[in-house]
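Let's have the full structure, built from the sequences with the hints guiding it.
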Amino acid sequence: MKYDLPTKEGYFGDFGGRFVPEILIPVLEELEEAYNEAWADDTFREQFHHLLEEYVGRPTKLTYANRLTDHYGKAKIYLKREDLCHTGAHKINNAIGQILLAQRMGKDRIIAETGAGQHGVATATACAKFGVDCIVYMGAEDMERQKLNVERMRLLGTEVRPVTSGSQTLKDATNEAIRDWVTNVEDTFYIIGSVVGPHPYPKMVRNFHRVIGDETRRQLQEAEGRETPDHLLACVGGGSNAMGIFYPFIEDESVKMYGLEAAGLGADTDETAATLTIGQPGVLHGSMSYLLHNSEGQIQLAHSISAGLDYPGIGPEHSYLHDSKRVNYISITDDQAMEGVKLLSETEGIIPALETAHAVAYLDELMPKTSKDEIVVLNCSGRGDKDMGTISKNIDH
Amino acid sequence: MIKTDNRISQLFERHEGSEKIMSLFLTAGYPDPEATVDLILGFEDNGVDMVELGMPFSDPLADGPTIQYSSNKAIEQGITMAKIMEIVERVREKSDIPIILMGYINPVLRYGVERFCQDAAKAGVDGLIIPDIPIEESGILSDQAEKNGLPIIYLVAPNTSDERMRKIDKASQGFVYCVSVTGVTGAREGDEVAQSVQRFIERVKANVTHNPKMVGFGIKSHEDAQRIAADMDGFIVGSALIDTIREHYPEQGWKDEVFAFVRDLKYGKR
Ligand SMILES: Cc1ncc(COP(=O)(O)O)c(C=O)c1O
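These protein sequence lines map, in sequence, to chains V and G.
Going by our numbering, the letters in the first sequence line up with residues 65 to 461, in that order.
Going by our numbering, the letters in the second sequence line up with residues 267 to 536, in that order.
Check the hints yourself; a few may be wrong.
Under the rule of at most 27 Å between Cα atoms (straight-line distance), these lysine-lysine pairs were calculated in the DSSO-like manner [as the list claims (entries may be wrong)]: (1) K72/V to K471/G; (2) K433/G to K72/V; (3) K471/G to K433/G.
Worth flagging that the hints you see were computed from the coordinates, not collected in a lab.
Below is the structure:
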């Protein structure tokens with residue numbers, strides 16, 4: 065099965081595209097051209113991979129989780145350790161890629177949106193490293209939930225602008241970042257934090273993260289003498305860590321893939337972020353994808369214990385992979401995620417981010433169906449330090 | 267092709283002399299659905315030539331604080347697509363003022379493009395402006411719009427290239443909406459608009475040759491409008507109108523204040 069999406073127009077099947085005001089069209093065309101050129105340029109790729117090695121700390125390890133494996137007594141479980149990236153999550157891969165591109169395009173004012181603060185921190189970090197001005201938009205409610213990350217961004221010299229419109233979370237921070245962008249199109253580069261937004265962002269962000277899956281292939285070959293696992297798991301907010309690890313395996317039909325989205329209090333409640341489980345197609349933030357919206361097309365407030373998954377949309381490529389059934393998308397509740405945090409902490413000595421914990425939690429369902437000669441790879445997208453406040457509030461010891 | 271009996275094309279055909287056509291943007295359901303009808307009917311007697319009726323969306327990412335506010339208010343008060351159609355129908359019982367529905371695509375998609383175009387045409391809508399549908403994505407809407415005789419008006423912006431302006435001019439029906447400044451909607455200080463706008467206007471004149479040209483974004487007074495629209499067929503005011511409503515609603519006589527503002531916009535303070 066050959067896979068070469070998106071199309072030239074930025075479509076993954078019915079999803080994606082470029083649903084933006086006219087002002088952004090020339091900007092996106094310029095970005096697309098610059099990106100395509102850069103990605104085809106060996107010098108750019110070398111620069112990118114050099115920074116990933118020397119600064120981000122790549123390749124990240126593929127850790128055999130022996131005690132977690134014993135816990136289930138079934139397939140072997142490996143963890144792709146994105147939590148070991150500088151700043152503590154995969155997000156930095158993309159931030160480094162985009163800032164290199166911004167430099168190449170001569171744009172010296174960087175803006176970004178953030179939910180959990182991980183993408184904000186990653187962008188603030190990259191901007192400090194390159195010595196450029198950075199403004200991060202963050203929902204006022206998220207600033208409260210993720211205080212530590214706000215402090216980190218400020219320490220890195222970034223201006224964090226609280227967003228008080230709408231639900232004061234990630235979607236509103238994204239609206240505000242886009243408003244800044246249309247106002248300052250000339251000198252501003254918008255570093256989007258996931259595989260969302262108008263074309264070419266979903267493709268570009270995916271490609272900056274594909275290093276996760278590319279490394280996994282090589283590392284699995286070394287460890288097990290085979291390049292492909294049987295099962296591949298990743299949590300899905302916008303979907304960047306998942307696309308990063310899925311993409312290099314998409315054409316390998318033997319690899320079963322699972323995207324774990326946030327059910328919040330339950331996919332059948334109003335307090336949920338289970339976009340693919342209960343959403344309907346629509347347009348938000350520049351692309352066509354599944355969305356949580358009411359019968360009038362008004363976007364609904366998402367809920368998840370994890371700020372990074374608290375988003376009523378999802379990257380368009382995931383919508384396509386969902387409809388084409390290449391990836392199974394399953395939703396995980398807040399409570400299940402909390403169990404996932406405990407499980408990984410106690411068995412492997414790794415405190416995962418609450419986002420990552422959604423993927424861990426799915427093991428309970430998946431593992432009994434696996435067999436001993438199979439291999440499971442779970443993308444450990446980030447570490448849990450940033451979530452310790454939320455975790456200690458919700459855990460029962 | 268736009269039909270000759272379309273109210274928008276008739277407006278531009280009828281129009282002569284140096285007076286500029288004035289189009290006002292008003293959020294449907296703001297300050298409340300009843301008031302929206304009254305305002306539009308009153309506009310007609312106060313020099314307004316055309317109305318852009320905003321379909322509120324929860325995430326208006328091309329709008330500034332003013333239209334975010336009016337959109338939220340309207341949604342809070344339960345505005346729906348069906349109620350928007352009703353507003354148009356009620357205006358149509360008494361008035362032939364051209365009405366354009368303007369808003370983001372998502373509520374239209376959710377309502378159903380076919381149903382939307384049919385209901386809009388039936389209610390008496392004369393055209394559509396969907397700012398997050400650039401010409402490349404028009405396929406999602408254009409067939410049904412065409413089938414129901416609804417012209418789609420496209421926008422050009424200061425950073426639109428000459429070549430692209432010509433393309434947009436070809437695709438647009440009714441007029442071309444010229445966004446005079448980069449940025450979100452919202453009233454601006456006069457200088458901010460004036461400085462950058464002249465070069466843009468020159469390019470619009472050279473490249474938009476099929477359609478009438480309306481200029482908007484940031485206009486808040488008669489003087490702004492006369493200056494910016496000097497070489498255009500007319501101008502569009504939205505945020506400044508909504509700011510005025512917000513200032514006076516629901517005081518006694520608030521509508522008169524709004525109509526006075528509208529008259530001043532068109533004719534200057536007298
Ligand atoms: C550790 C971690 N994992 C996952 C996510 C979700 O984002 P995405 O779905 O784009 O990977 C976030 C977002 O902040 C995160 O911080």
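Quick one: which hint numbers does this structure break? Sort them smallest to largest.
Number 1 only.
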